[in-house]
Amino acid sequence: MRSIKHDILIIGGGGAGLRAAIAVSQENPDLDVAVVSKVYPMRSHTVAAEGGMAAVIKPNDSFEDHIYDTVSGSDWLADQDAVEFFVRTAPSELIQLEHWGCPWSRESDGSVAVRPFGGMQIERTWFAADKTGFHVLHSLFQTTLKYRSLQRYDEWMALRLLTHDGRCQGVAAMELRTGRIVPILAKAVIMCTGGGGRVFPFTTNAAIKTGDGMALAYRAGVALKDMEFVQYHPTGLPGTGILITEAARGEGGILVNNKGHRYLSDYDLGKPLPIDHHDHPKNRTMELGPRDRLSQAFIHEQTKGNVFEGPHGTYVHLDVRHLGESYIEKKIPFVRELSNNYGGVDPVHEPIPVRPVVHYMMGGIDTDIEAATTLPGLYAAGECACVSINGANRLGSNSLTELLVFGAQAGRNAAIFAQQHGISGENDLLSQTQDEINRISELLGNRAGDEKIADLRNIMTSALEEGAGIYRNAEGMQKACTTITELRKRSKNLKLDDTSLSYNTELTSAIELDFMLDIAETVTFSALRRKESRGSHQRTDFPERDDDEFLKHSLAYNTDDAPRIEHKDVVITNLPPAKRIYGGGK
Amino acid sequence: MTDPEKRRPSHNLHSNWWLNHTRYRQRDTRPRPDLGATWWLRGSSYFFVFIRELTSVFIALYLILFIGLIAALYIGAEAYNDYMELLWSPPLTVIQVFTLLFALFHTVTWFNLTPKAVRILKGESPISPLFLITPLYIVWLGVSSIVLWMIFS
Amino acid sequence: MTVDTDRIPLKISRYTEGQTTDGYDEYMVPYNEDWVVLDALNYIKDYVDGSLAYRWSCRMGVCGSCGMMINGKPKLTCSAFLSEYYPDPIVVEPLANFRVERDLIVDMDDFIHKLDSVKPWLIEGDSVPPANREYKQTPAQLAKYKQYSMCINCTLCYSACPVASNEPEFVGPAAIALAQRYNLDSRDSGKEQRLDVLMANEGVWDCTFVGECSNVCPKGVDPAAAIQQAKLESALAYAKSLIMPKGNK
Ligand SMILES: Cc1cc2nc3c(=O)[nH]c(=O)nc-3n(C[C@H](O)[C@H](O)[C@H](O)COP(=O)(O)OP(=O)(O)OC[C@H]3O[C@@H](n4cnc5c(N)ncnc54)[C@H](O)[C@@H]3O)c2cc1C
Ligand code: SF4
Ligand code: FES
Chain A
1 MRSIKHDILI
11 IGGGGAGLRA
21 AIAVSQENPD
31 LDVAVVSKVY
41 PMRSHTVAAE
51 GGMAAVIKPN
61 DSFEDHIYDT
71 VSGSDWLADQ
81 DAVEFFVRTA
91 PSELIQLEHW
101 GCPWSRESDG
111 SVAVRPFGGM
121 QIERTWFAAD
131 KTGFHVLHSL
141 FQTTLKYRSL
151 QRYDEWMALR
161 LLTHDGRCQG
171 VAAMELRTGR
181 IVPILAKAVI
191 MCTGGGGRVF
201 PFTTNAAIKT
211 GDGMALAYRA
221 GVALKDMEFV
231 QYHPTGLPGT
241 GILITEAARG
251 EGGILVNNKG
261 HRYLSDYDLG
271 KPLPIDHHDH
281 PKNRTMELGP
291 RDRLSQAFIH
301 EQTKGNVFEG
311 PHGTYVHLDV
321 RHLGESYIEK
331 KIPFVRELSN
341 NYGGVDPVHE
351 PIPVRPVVHY
361 MMGGIDTDIE
371 AATTLPGLYA
381 AGECACVSIN
391 GANRLGSNSL
401 TELLVFGAQA
411 GRNAAIFAQQ
421 HGISGENDLL
431 SQTQDEINRI
441 SELLGNRAGD
451 EKIADLRNIM
461 TSALEEGAGI
471 YRNAEGMQKA
481 CTTITELRKR
491 SKNLKLDDTS
501 LSYNTELTSA
511 IELDFMLDIA
521 ETVTFSALRR
531 KESRGSHQRT
541 DFPERDDDEF
551 LKHSLAYNTD
561 DAPRIEHKDV
571 VITNLPPAKR
581 IYGGGK
Chain B
1001 MTDPEKRRPS
1011 HNLHSNWWLN
1021 HTRYRQRDTR
1031 PRPDLGATWW
1041 LRGSSYFFVF
1051 IRELTSVFIA
1061 LYLILFIGLI
1071 AALYIGAEAY
1081 NDYMELLWSP
1091 PLTVIQVFTL
1101 LFALFHTVTW
1111 FNLTPKAVRI
1121 LKGESPISPL
1131 FLITPLYIVW
1141 LGVSSIVLWM
1151 IFS
Chain C
2001 MTVDTDRIPL
2011 KISRYTEGQT
2021 TDGYDEYMVP
2031 YNEDWVVLDA
2041 LNYIKDYVDG
2051 SLAYRWSCRM
2061 GVCGSCGMMI
2071 NGKPKLTCSA
2081 FLSEYYPDPI
2091 VVEPLANFRV
2101 ERDLIVDMDD
2111 FIHKLDSVKP
2121 WLIEGDSVPP
2131 ANREYKQTPA
2141 QLAKYKQYSM
2151 CINCTLCYSA
2161 CPVASNEPEF
2171 VGPAAIALAQ
2181 RYNLDSRDSG
2191 KEQRLDVLMA
2201 NEGVWDCTFV
2211 GECSNVCPKG
2221 VDPAAAIQQA
2231 KLESALAYAK
2241 SLIMPKGNK
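Residue numbers (the numbering used here), protein chains in the order written: chain A, 1 to 586; chain B, 1001 to 1153; chain C, 2001 to 2249.
So here's chain A without its partners, still in its complex pose (with noise of 0.2 Å):
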């Protein structure tokens, strides 16, 4: 077998991963760095983000006021040391994109415009119209191309951490073409696989979210921490769950019920101003109120009855009307496009359906402010770490700033790393590999299965949203842990009816399926042990937060049974824990 090596391997070629990838070159132009990525770099998920990016650079800005939204909004579970590291390098590594290229949306006097989103007190969300991820991977992955000191692994699928010696040296990654799988063998390893969402079955996320770098990260014994704190994001379009942008309600778009009443109102988040007031929409105020309690809200609704049936479940109305044709066209263009296409509306003339929708997952693999995991050579940024800056509920525009904060982070501190580090133990690493080959092979060649993936994916999604969803309670979370834990049996007698090399996607939907598994049991077991209410996660049966006990993140580990939960504290500087005001007010 023979082995590829490398300084300094990036799993993942998403925003987080190409913004490591140039930050390597930033820091030493002589280490080589290859990137591997199950699809085309521009392909990430990362192109799917819409609104924009948060970081302060407006005069009437502090970084103060955006340290308070981020914690506060976070439930006070993000780490604050992180959060302030965070913000103060937000605006540099923006403006640093706006100098690769990235065409922001305008001032007249051409300077980078912003506007407001959610949870946040003062308009600081940069954006690129409704394409805002879009733009900032395309300018990220086309900036790449000039550092030829990077190799890309294009459709390359990482499927094993190889580590020796207490370290992770590489991955053993097959080939999408050929099917081949080869030991990559690095000095430093980055993952940025991002988030998972596809572990739930109505979800913004996008087929390729499937959490595989957090599952690595677990299995070769890193902590996920916080799995339990998953997003709902209050408006996406029923049926195919496609996100319609928080900044649709930052231009002024407002949420209303089947009674035409603005239900917002109703649940602690302040007094509606009518849509021609000039404050409308006030800041962390109604429709600017958080995600986690906008999504909260709607089940209210959906109690009371106060929402709409659909063929695809029920919905409420998101209104921009008022906005009139030519704004739209100007700020939200794509919220017109998706949701004539997908939505069967055109929102200049009617309201569009919405209901919440999983987005974002906060947990991830347990890192810290340098964006070291816990295994030495082992670095992760992006949607699949978790440092922690969104605690238990991340706010809107704070995930794409954080793929460049701590992207750029990890590949400083890799790329330092390993030019401390060699590579040792090779023919350790290839003999994982090849266990590695003999897994893979086995599953191709199990002609004695009986499982199809699609159904146990059916079967798994349905278990998180019944047991994992909006509210939680211990008997739903206790079935939901038992159905993986089932699944995780059944999945081992998968049949596959594709046995080529070349492409063979039924082989990596199963393999996803497989790092799905690890992760549907890491959120389901992690949520069933913390027994209070906090951001994203509420719980019926615990309905209150409860510092006491739970101002904690949790951490899961990978055992041969149900994975270990333990705890560790967090880091408070200067914000105490207090109540989250929304509505008016701190």
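Hints in this document: simulated from the structure, not taken from any laboratory.
Beta carbons: idealized from backbone N, C-alpha and C, even for Gly.
Treat the hints with caution; some may be incorrect.
[What the hints assert, rightly or not] 25 Å max Cα-Cα, derived DSS-like pairs, lysine-lysine:
(1) C/LYS2073 - C/LYS2240
(2) A/LYS271 - A/LYS282
(3) B/LYS1122 - C/LYS2146
(4) A/LYS330 - C/LYS2240
(5) A/LYS282 - A/LYS579
(6) C/LYS2219 - B/LYS1116
[Unchecked claim] Between beta-carbon pairs, the in silico distance windows are:
(7) B/ILE1095 - A/HIS349: 52 to 58 Å
(8) A/SER265 - C/PRO2089: 49 to 55 Å
(9) A/MET1 - C/GLY2220: 46 to 52 Å
(10) C/PRO2168 - A/GLY110: 21 to 27 Å
[Unchecked claim] Covered stretches of chain C (in silico footprint by chain A; criterion: 3 or more residues with CB under 8 Å from a CB of chain A, positions within the stretch not fixed):
(11) 2098-2105
(12) 2108-2116
(13) 2143-2150
(14) 2157-2167
(15) 2193-2206
(16) 2232-2244
Knowing the structure of chain A, use the given hints to seat chains B and C with the ligands on it.
Chains B and C with the ligands alone, transformed into the frame defined by chain A:
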């Protein structure tokens, strides 16, 4: 920091050149379905383009006739008269009428395409294509009238 | 195949390496008014034939991975609704003018190489703002190149182009549009470097202005316009080089 562009030498920077063997296989047996020789029959918009391109055949034919005319003029008055007679012969007249029609068609399609090649913005939105097309027609009509005037006066 | 009221036939091109004949498989898929062709493919993969291979990801028309020929026309399968075709059969084939790798998956290497060849990154000039300040760019300056920055690299335009069909070396619509995207950006100074590629044999002058690339583009990029503009610019640059042969840049 070194200029990254200086570091754009080759793809062989790495010891992993052997990976490329599948990418640059010598005899590529994979199919490459293309639009085929009959691509211009794949729909009206292709067909339209094909006709537009076809017009240039007539224009080329006419140019040959035109070069002949100049040659005749060079040779002398008699040759010129003979040649003119030839041009007035029915088949050549038909060709010339067609050429004229095709030239008109060609002119109109190209004029209408001008706004594609020249994009002028007023503020944030492109100016109306009419601003670009109309002057072309005016100039065309102007020049044509001068030519007609020269011929008939 | 019989027409069923609530089912729709899909005829799908299949290929695995080494296969020499054209192969098609036919499937009956439940007809659902709000399904796109991609949903039908997913249905087949999940419940009928797991060996069908194709690319997809975002299912919202922005990642650019799901382009295929549908009834002979290049389309994003995530935005092509079954209702446009029902009850007629739908023929799904891999994108034209590319090498087929497997079933509906084509080789993208060549395209990526072409993208790369036009230097699609911001090439800095003399007036770079300091690290803590952005370039000033007015909305009008942004509007100059904005349209060309909307390309999702789906390569539908390559499949629609008869020139790309006959001349595989042609740099092609999306790559040229991307070059123009940077050429027209007020922050960029790399136009001359890119013109070298655009003026070369396989560059803009290969284009005969069929314009079908712009017709099939799902994002309104209008690559045809970009190519014509680049032609104009390259002609001007050529003329300039004749007048000033030593050409101070
Ligand atoms: C619809 C939508 C809209 C959003 N809008 C916003 C917004 O407006 N503002 C904001 O801040 N955030 C937004 N977010 C969140 C944000 O976009 C994501 O959190 C972020 O893009 C994740 O980036 P990433 O780099 O971590 O991962 P991704 O962009 O998901 O990239 C993951 C990469 O990892 C690779 N990969 C995965 N598994 C493997 C494997 N096994 N082997 C090899 N490679 C692998 C993939 O190929 C891909 O390249 C949005 C999210 C969604 C879904
Ligand atoms: S120009 Fe249009 S058709 Fe061509 S790749 Fe870009 S988005 Fe696709
Ligand atoms: S699946 Fe992403 S464009 Fe169709």
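Do the hints match the structure? See the list:
no.	hint	in the structure
1	C/LYS2073 - C/LYS2240	41 Å, violated
2	A/LYS271 - A/LYS282	10 Å, holds
3	B/LYS1122 - C/LYS2146	14 Å, holds
4	A/LYS330 - C/LYS2240	38 Å, violated
5	A/LYS282 - A/LYS579	20 Å, holds
6	C/LYS2219 - B/LYS1116	17 Å, holds
7	B/ILE1095 - A/HIS349: 52 to 58 Å	56 Å, holds
8	A/SER265 - C/PRO2089: 49 to 55 Å	52 Å, holds
9	A/MET1 - C/GLY2220: 46 to 52 Å	49 Å, holds
10	C/PRO2168 - A/GLY110: 21 to 27 Å	42 Å, violated
11	2098-2105	holds (count 4)
12	2108-2116	holds (count 4)
13	2143-2150	holds (count 4)
14	2157-2167	violated (count 0)
15	2193-2206	violated (count 0)
16	2232-2244	violated (count 0)
The earlier numbered hints that this structure contradicts are 1, 4, 10, 14, 15, 16.
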